[in-house]
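Participant: If you want the building blocks of each chain, they are given just below.
There are 2 protein chains.
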Amino acid sequence: MTAYANRTAEQLRQEYETVTRAFEEAKGRHLKLDMSRGKPGKAQLDLVSDILTVLAKPEDCMDGSIDARNYGELSGLPSAKQLFAEILGCKPQEIFVGGNASLNLMYDIISKGMTHGLLHSPRPWSQEKTVKFLCPAPGYDRHFKVTESFGMELITIPMLETGPDMDAVEKAVQDPAVKGIWCVPKYSNPQGYIYSDETIDRLAALKPAAPDFTIMWDNAYCIHEFDGDFVPFRDILTVCREAGNPDMVYEFASTSKITLPGAGVAVFATSEANMAYMCKLLTVEVISYDKVNQLRHVRYLKDKAHTLALMKKHAAIMKPKFDAVADALEREIAPLGIGSWCRPKGGYFISYDAMPGTAKRALALCKEAGVVMTGAGATFPYGVDPDDSNIRIAPSLPPVEELEAAISVFCICVRMAALEKLLGK
Amino acid sequence: MTAYANRTAEQLRQEYETVTRAFEEAKGRHLKLDMSRGKPGKAQLDLVSDILTVLAKPEDCMDGSIDARNYGELSGLPSAKQLFAEILGCKPQEIFVGGNASLNLMYDIISKGMTHGLLHSPRPWSQEKTVKFLCPAPGYDRHFKVTESFGMELITIPMLETGPDMDAVEKAVQDPAVKGIWCVPKYSNPQGYIYSDETIDRLAALKPAAPDFTIMWDNAYCIHEFDGDFVPFRDILTVCREAGNPDMVYEFASTSKITLPGAGVAVFATSEANMAYMCKLLTVEVISYDKVNQLRHVRYLKDKAHTLALMKKHAAIMKPKFDAVADALEREIAPLGIGSWCRPKGGYFISYDAMPGTAKRALALCKEAGVVMTGAGATFPYGVDPDDSNIRIAPSLPPVEELEAAISVFCICVRMAALEKLLGK
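These protein sequence lines map, in sequence, to chains A and B.
Add 3 to the 1-based position in the first sequence for our numbering, that's all there is to it.
Add 3 to the 1-based position in the second sequence for our numbering, that's all there is to it.
Because the hints were derived from the structure by calculation, they are not lab data.
No incorrect hints appear here.
Intra- or inter-copy, both count: the list cannot distinguish identical chains.
List time: in silico DSS-like cross-link candidates among lysine-lysine, alpha-carbon distance up to 27 Å:
| id | residue 1 | residue 2 |
| --- | --- | --- |
| 1 | K370 | K283 |
| 2 | K348 | K45 |
| 3 | K135 | K283 |
| 4 | K322 | K35 |
| 5 | K322 | K60 |
| 6 | K30 | K363 |
| 7 | K315 | K60 |
| 8 | K348 | K307 |
| 9 | K363 | K283 |
Chain A on its own, in the form it takes in the complex (with noise of 0.2 Å):
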């Protein structure tokens, strides 16, 4: 195959016959496929049904002296907090538990800095003439939307392999209306970086010029490797706190992809200055999370080796489908210099650019051959690529044989796409 650049317009044009003879083949399938969010296929979901019969009898749900059923303990589970505090390298005061959604921390975290301030805000961010919000790209969608929801301008930032652009970071955080930045440290969303130590130092050490400057540290995919062993990761609040910066970031952590995504425990890890604080705020929002379900947790998981065991079999699910999309990608586009994606070792997707121009109209095409992705433009904020390229894969739901026939309409679709922009159809 010869890359479409060193092609002449009558041999694109031969191939756009090809491609579109194989699109309308596709078409005639009526699939209806979906590689639109990181959602959990059904095996990982079996894989861990033991979850729900783990506590099973009154006795059960004592944790120590408490009585997980009963009304309680807003922070949650003494238990719980141990846990999680193994995994993440914090303290297991610095841990809050809270319900299953991790999104739901932040939000709330951000909302409260919307109407009462952070610990070391002047004032509620509500009574600011501007906030912005630092938003590395392609990022997390919903991150993005969270700030945009309430009114703050986003500000690009761009994405490098080793993580935010740090000479733009500390730029930016000049400006005293900049109130934070969205982190996935690990295997970040889409494209599955790892921040490099230097990254993560730049971020502790910054000297924003807002006091309530926050890291918004999601910590999504802590132990999410599908390709090799464990990679250890840095204490994020040990960093900050060792840079001078104790009370500058909020981490976050669930296990939605470790359980059960829609009845999984979520977490914030923060300094034990910014928790006092903010469970004086939560104290008057809940009485106390599904303990219940933490103690589940606590029970079924027991602690950092065995969870790392467990990962290792969702792993074994994980990889085949990842193998799947990054092969076919390999065999069907690397060879015609259409796009340009990297092969991860952990997390949920995979991030893919095509020709710029191309993205939407790929989609557009996707959708009507019954394959379903991630909105173009998603990975951006305000849902606005400016190069109209990058495109989310995300290959964790469908079975790997529906993800082969998903995979090939992509491939399929991204060519089409390009075809049609060298054509100028």
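Since the structure of chain A is provided, determine the placement of chain B on it from the hints.
Facilitator: Chain B alone, transformed into the frame defined by chain A:
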């Protein structure tokens, strides 16, 4: 026994000596008793243990074609909406099924009023100069605290046996800064009153100056009779709709006192227009609440009739506790004419009105003798009871024998506080 009002100073002094001795004797027993919060007791938690294992296998987790374990279904499982719609008497599409805490849903709606405004808000409440909220008192401290925490001005509305004083409410809502009212319509917290039909009709027919005035209708004790049969109640959504105010109410309920207090399911019910508006805001905050727990509840509670049968079992545990408290008050206090209370047939509290100016002192004495009660004043906005008289008694947590010990100490303490007052000590 002679009422204190009819005793001579000398008789009162003698009584004071007797009571003081009884108090010292009680202190000597080093009690540790808790009548402070409406927590169900262990027998009630044990009653519902089957809910822990009602979902045991992957196939149990399917609700029709929906896998309760995975992400999705923001507004809740269809079967859970059906169950709560039947219990509350509204339509399934008017139900949003959330996490484990109705307080959390209430807070969230008030918070969104602040940051985004409600459906008919001219602007977010955070941009109003003043926001006021009506607080029928005695009432629920956590309600008042939510609105207080956002800096709202709390307006006390007297509670009558028929519900909030509607003359006062109708007058208050002429102020456009008044954005809502807290209501516990059935077995009100703490008095156990049921709003009369006239009160409900007048509430639904309000013509508030604020276009976004909202009734926060916390139907916490909707099926929580402990004495006698289920008392039917009107669907507030229908009453408001028929009065021409379809979007004026959010209703709340939960299974915290039906299944497990810390691991139940909470819902709000509201008009479809409000629902559409709120879901657009909620989708930024959470992908879905814990649907596995929702499905557990559906399978365990089945339907309204089956749920009411369960409530009869709770009632059998609760009634002896309320009887122990009310009987002791009638025996020890009624003849002395130093307090008043009523004997509710449902809910979780008995409201005791002590001799004015003695509630704080009585509770300080209780604490000294090892009996923890809800703080004096808690039932009023800002925690300040202008008469220093109202005390909320929560008999649900302790076993009957402990409760008898606790209420006996309580009676000694209210007598002692009254005598100190009468003797000018």
